Amino acid sequence: MAWSGQGVSEWEGQGVSAGRKVLKVVAGATAVGGFAADWNRTHLFNPNWPPHARFHDAQTVAMGALLGLGGLWVLNRRGSAPQRDIAMGALLPAFFWASMGAAFGFPGTGGLQTEFPDMVPRVRGVWIDERFASGAMLGLIAVGYYLDRRWQAGQIQRPWGAGASPVPAAAPSLYCLRGR
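The sequence shown maps to residues 17 to 196 in my numbering.
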């Protein structure tokens, strides 16, 4: 559905799909997750890490913040291409989480348990490390994208009906109040 720019926009009252909410949570977690996970003695302030290793950790934290914030930006804007926005809102954080999972394929890499095994849980002998975080976040992104696309296609009903809006037709929008 495109935004018309006339009176009450077609976006107002449409609500936000459950899928878009999931994607916003993942994008927000991507934006702040690096600070929460790495701003400590195990990563950025690890005395055993040389400055170049800290540089790459800081680069990863900044990349996560930028990709997460970019995802939030496109998920919150009200443009004329909601399908493109939802795709970009899913894709930007997915780049971060996919790169985290892919990092395990490089020689000599390992999860947090290689240096701090007491900080990483094990279930039946399997470390629940960064690869599981990567897989879980990518799974949430896929579910969120799928749900939002179904909602946009009308396959998931809005609480007030497919064509109806809870905003009365005569209600002024902020767009109208700005004098346009």
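A hint or two may mislead.
The following label-pair restraints were derived from C-beta to C-beta distances [stated by the list, open to error]: (1) N56 with G121: 32 to 38 Å; (2) L107 with F51: 28 to 34 Å; (3) V159 with A74: 41 to 47 Å; (4) A52 with G121: 38 to 44 Å; (5) I172 with F61: 43 to 49 Å; (6) V48 with A69: 19 to 25 Å; (7) G31 with W55: 33 to 39 Å; (8) G95 with F51: 26 to 32 Å; (9) Q171 with I144: 23 to 29 Å; (10) R166 with P133: 41 to 47 Å; (11) R93 with G117: 24 to 30 Å.
These aren't lab readings, by the way, just hints derived from the structure by calculation.
Predicted model only: the values in this text are computed from it and were never measured.
We put the CB at the ideal spot given by N, CA and C, even for glycine.
For each hint, the structure was consulted:
no. : hint                       : result
1   : N56 with G121: 32 to 38 Å  : violated, 26 Å
2   : L107 with F51: 28 to 34 Å  : violated, 22 Å
3   : V159 with A74: 41 to 47 Å  : violated, 31 Å
4   : A52 with G121: 38 to 44 Å  : violated, 25 Å
5   : I172 with F61: 43 to 49 Å  : holds, 46 Å
6   : V48 with A69: 19 to 25 Å   : holds, 22 Å
7   : G31 with W55: 33 to 39 Å   : holds, 36 Å
8   : G95 with F51: 26 to 32 Å   : holds, 29 Å
9   : Q171 with I144: 23 to 29 Å : violated, 35 Å
10  : R166 with P133: 41 to 47 Å : holds, 42 Å
11  : R93 with G117: 24 to 30 Å  : holds, 28 Å
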